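Asker: Work the whole structure out from these sequences, hints included.
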Amino acid sequence: MFPGDSHRCSRKPEAAEYRVPIARILREYLEEARLLPGTRRTDTPVYNVPGLGKNYLLACQNRDLVSVMPDGSWYYEFHPWEKNLARQRGYLGRDVPVLDYLSRLAADGEDISDYSSIWYYY
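Mind the numbering: the sequence shown is residues -5 to 116 in our numbering, read in order.
Do not take every clue at face value.
The list that follows gives simulated cross-link-like pairs (lysine to aspartate or glutamate, EDC-like), each with its CA atoms no further than 20 Å apart [what the hints assert, rightly or not]:
| id | residue 1 | residue 2 |
| --- | --- | --- |
| 1 | K48 | E71 |
| 2 | K48 | D58 |
| 3 | K48 | D37 |
| 4 | K48 | E22 |
Have a look at the derived ranges for each label pair, beta carbon to beta carbon [said to hold, decoys possible]:
| id | residue 1 | residue 2 | range |
| --- | --- | --- | --- |
| 5 | P64 | E26 | 29 to 35 Å |
| 6 | D102 | Q82 | 36 to 42 Å |
| 7 | Y50 | D94 | 23 to 29 Å |
| 8 | Q82 | E104 | 35 to 41 Å |
| 9 | L24 | M63 | 21 to 27 Å |
| 10 | L59 | G103 | 29 to 35 Å |
| 11 | E22 | A100 | 14 to 20 Å |
| 12 | T36 | R81 | 32 to 38 Å |
| 13 | R83 | E26 | 31 to 37 Å |
| 14 | L30 | Y114 | 32 to 38 Å |
| 15 | A101 | V62 | 20 to 26 Å |
| 16 | D102 | Q55 | 32 to 38 Å |
| 17 | D108 | G47 | 32 to 38 Å |
FYI, nobody ran anything at the bench for these hints, they're computed from the structure.
Predicted model only: the values in this text are computed from it and were never measured.
Idealized CB from N, CA, C, for every residue including glycine.
Answerer: Here it is in structure tokens:
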């Protein structure tokens, strides 16, 4: 693991309040890339996929957006990076609903209009 990996929280119920959508992780990375020169960027967005291990979110060939639900939950199919080397099935996973995430931010006193671009990152 690189020292600056940004990991997505565990899917255990007790970690639910700390989860953020993949779109938010990507948005943070792009903001950091816009504001900091190349050598100052420290984070690499990572998603730990059950059965497949670490999936680098910047490598968009490792995942496909399958569906977007009305509540803003996105379904992704994650592909193993070694797909042609070893027999391994992909993983279909449901992301944190963007609407739930924005509601949590509003309850914490955040101005959710600052997060309106989150709907455009996948």
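Asker: All the hints need checking, so say for each whether the structure fits it.
Answerer: A quick look at each hint next to the structure:
For the proposed pair K48 and E71, the alpha carbon gap of about 14 Å is at most 20 Å, so the pair holds. Proximity of K48 to D58 is assessed by CA-CA distance (about 16 Å); at most 20 Å being required, the pair is judged to hold. Proximity of K48 to D37 is assessed by CA-CA distance (about 14 Å); at most 20 Å being required, the pair is judged to hold. Restraint check for K48 and E22: satisfied, since their Cα atoms lie roughly 19 Å apart, inside the 20 Å limit.
P64 and E26 have their C-beta atoms about 31 Å apart, which keeps the hinted 29 to 35 Å range intact. The supplied range of 36 to 42 Å is met by D102 and Q82, whose beta-carbon atoms lie about 39 Å from each other. At about 25 Å, the CB distance of Y50 to D94 agrees with the hint of 23 to 29 Å. The hinted range of 35 to 41 Å is satisfied by Q82 and E104, whose Cβ atoms lie roughly 39 Å apart.
The hint said 21 to 27 Å for the Cβ distance between L24 and M63, and at roughly 24 Å that hint holds. Between L59 and G103, the C-beta spacing of about 31 Å keeps the proposed range 29 to 35 Å intact. Checked against the given bound of 14 to 20 Å, the beta carbons of E22 and A100, roughly 19 Å apart, stay inside it. At about 36 Å, the CB distance of T36 to R81 agrees with the hint of 32 to 38 Å.
Between R83 and E26, the C-beta spacing of about 33 Å keeps the proposed range 31 to 37 Å intact. A hinted range of 32 to 38 Å for the beta carbons of L30 and Y114 is inconsistent with their spacing of about 22 Å. Distance hint for A101 and V62: a CB-CB separation of about 23 Å, consistent with the stated range 20 to 26 Å. The hinted window of 32 to 38 Å between D102 and Q55 holds, with their beta carbons roughly 35 Å apart.
A hinted range of 32 to 38 Å for the beta carbons of D108 and G47 is consistent with their spacing of about 34 Å.
Checked against the numbered hints above, the structure violates only hint 14.
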